[in-house]
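Asker: Residue strings, one per chain:
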Amino acid sequence: MTYRQARWEEPDIWDLAPLRTGDAPGTISGVPERFRRKEFVRWPELSEQEVMRHYTRLSQMNFGVDSGSYPLGSCTMKYNPKVSELLARRKHAVELHPYQPESTVQGALELIWRLEQVLTKVTGMPEVSLQPAAGAHGEYASLLMVRAYFRDRGEDGKRTEVLLPDTAHGTNPASAAMAGYTTREIPSKEGCVNLAALKEAASEKTACFMLTNPNTAGLFESEILEIAKSVHDVGGMLYYDGANLNAILGITNPGRMGFDVAHLNLHKTFATPHGGGGPGAGVLAAGATLAPYLPVPRIVKQGRKFHLEYDRPKSIGKIKTAYGNFGLDLRAYAFALTHGEEGLKHVARRSVLNSNYVASRLGKFLPRPFRPLVKHEFVLAGTPLKERGLRTLDLAKRLLDEGVHAPTIYFPSLVDEALMVELPETESKRELDHYIAAFERAINDSTENLHAAPHFTSVRRVDEVRAAREPTLSWKDLRAGAKAETP
Amino acid sequence: MLSALGLSSTEELFADVPKKARLGRLGIGPGHEEFEVVETIDRILERNRTLTHFACFLGGRVTPRYVPAAVDAILSRSEFYTAYTPYESETSQGILRSLFEFQSLWVEMTGLDVANASLYDGATAAGEALLFCRRLHEGHRFLVPASLPWEEKSVLKNYATGPNLLVEEIPYDPRTGCLDLEFVRREVATGNVFGVLADVPNGFGHVDEGVLDLKSTIGDVPFVVSADPLSLSTLAPPGSYGADVVVGEGQGFGAAPSFGGPLLGLFACRREHMRAAPGRIVGATLDAVGQRAYTLTLTTREQHIRRSRATSNICTNEGLMALAFVVYASVVGPRGLAQLQTALAEKAHALASALGGIDGLRAPRFESPFLGEFTVEITKGTARGFLDHLEQHRILGGHPLADPRPSAGSQPERVLVAATDWIGAPEIQKYAHAARSAFGPSGGAP
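Protein sequence lines correspond, in order, to chains A and B. Residue numbering for the first sequence follows numbering that gives the first Met the number 0, starting at 0 and increasing by one per position. Residue numbering for the second sequence follows numbering that gives the first Met the number 0, starting at 0 and increasing by one per position.
Since the hints were made in silico from the structure, they are not lab data. All values reported here derive from a predicted model rather than from experimental measurement. Just so it is clear, CB atoms sit at the ideal spot from N, CA and C, and this is done for glycine as well. Every clue listed holds true.
Sample of chain B residues at the chain A side, in silico, Cβ under 7 Å:
#1 Glu107
#2 Thr160
#3 Pro162
Ranges of calculated distance between the beta carbons of each label pair, as one might list FRET restraints:
#4 B:Glu33 with A:Arg152: 47 to 55 Å
#5 B:Glu11 with A:Leu224: 19 to 27 Å
#6 A:Glu203 with B:Asp71: 51 to 59 Å
#7 B:Arg184 with A:Ser102: 43 to 51 Å
#8 B:Arg184 with A:Glu101: 39 to 47 Å
Using the sequences plus the hints, can you model the full thing?
Answerer: This is the structure we're talking about:
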């Protein structure tokens, strides 16, 4: 056991310097006195060095892809190429305002346009917008487009249902509900869509069927063409959740599979970093039926010039200020340029190979509930752990002690004590073997050690129940708590 | 690895993809070496002219503002930027603590109790606030200032579409640009209003004193303030005048404009409503040996647990931008922020005075206090023509406020003008000179 995460006894930032109180901001010409702030914002005055040391120490208590394997299923935590970071910080990329005249931002518009062209080919759909900030944002925009389409056809009051498989990402039903739809889950059969159940559920009430393929069990929905037909037969739209696109880059695509609208996550498939929560970048791709509903502006090429086009009468309008997360688009375009056609196909082949290799090895330790051939990720059932009085959670925490990240756990929910593992194409065989060995050590460790894990992270097992029961959500709450405890 | 799997080719790994769905060539060309990628992208980017090429007076929700080098030094720590959402708390204390500090700062700035760990941008944060208000209060109408930026109105309408809610506009006094409080009182009295939003400063750049009296006008109807965070360094925290929710655009704290993204959505609410809030929230707790530790909490509100009954669909947010926000504020400090706001306001007032007497425009268009931004109305010609003229003098003179969609019809020729860090007395004189020439014999904004 060699892994140790940094464990700094670092004070809270507000305790790094005594708070200066008692003075107030001056007045600004014309601003009424009663609008004036009576005290400066309560925050410490620190030197740059104090701030740097504080956040450097915090960073050392954090685990990223650069720290080790990060097999979070459905999150596609691949390596983030450093050249993308370099390019995204170029003066000619960051010192650009979205409301500059078009003639002064031709490079930015061209870059977005070029990435859109690549993505139309990757998705097999004629039009792409990069406006969404994230995948779920793209899902929501897609459903607004579907609604606008049915409204135009006079069917909005009638098409009230969104269907989705029980393996769907949580964002799918949440987006559907936000868009005003009632959701109906289709039970899976051996981890895949039960076509008969889908056909039975699909009706003239169906606005949309939301599907990710490969799905969250890591299985390719081989009946996809029949699925598409059964949705289209009732006049519904088919939506593609692109979270799992990595497995099929250049092999197949949503257009070829019969989808009408799709979102992709540039922060998964196109290697833009996830930033510890975001920013991401979502892609909206639409087939001919829904393309007129894409958000404005559209970026169009007129001769050699690029232009922000607002004249799209059927457009749903804006879903975000400006044109999307340009800094991420730039990184994604660098990724596409680096890989090219063969490189992207290699991404799919290698990520699927990695996944099948690790699945075959880890299958010796825990049961695999579905068929053996998987795509970019696979699912294990932690059920046997229960015989030792353990849970999947214990195994996940014990894995952290090995200097690797845990898999996604307790998802998909149709698998008891699920672990969902995804090791993308950038992981070498050596890293995969390291992960397999770490997994073996973890699962074979004593029950006591598994219960007590993790031992070597910057803090020990975190009490999440306490966090939820007594929410302490800010410095203000900490002060209130400290006051309450003072006799 | 193939042989370990008993396979002879990777092709066999895709045996489950039906032949009819398989692709031939994508047609996107070959891959490139790293130096070629750099060369290609640099060549494209060089077709841009950066803000510093001009005297820059662009503002609005996206703010060009100097970012101290320390901010990017922190954001470049790959332990932060290559991490995912901190699902495994024990190994993610760094980002969790940073987000807890970020939440704490937004709480201090707004005077509310609970902040989330970020939303996509200020406009979508307003959209989430709309849905949040509907969870707190019955009704189907949400009132927003008519002066709100058109993009934000459009985003709000898209958030209102799902539950079939209406976004309605509060008219403004044509002299001051301030909200018609009588209108608000009347509409709230008729019922069916579930929320009212006001922005500080407003879409014209002005500080509307009436906002201080809005809560007493609307009673128990939830009150959303959309605030520019820098303005809160010198203005009263919205919690002190009755805001139930404070949202805002946080990009100006530590992030470059970057052509409009990534941005940062800010959201804070009162403690009694925290379980109705959207997005990730970090909480402090203890670990197994009793030391302070942090974790994502109140997760039963969220999509991965609650699915179709979640408070929002948001998953990926703008976490790294939230880190930038708190690092920026910590480097600049509370007094530095107030000084910055004061300096920008002085520059904006100097510019307004310099433009004051010019025939062909009205600056400022509205008679009410302002900080670093104000609205100019072009009375001869168009806003676009005026700005094009300034651009020839290497001035980015602001942005037109009009909704550019043809369906929006004819609108006043107005320009939002902002003071930025890089503007001094010479640039202000240059602007005034160029503006004068726009309407002179040789100029003439078309």
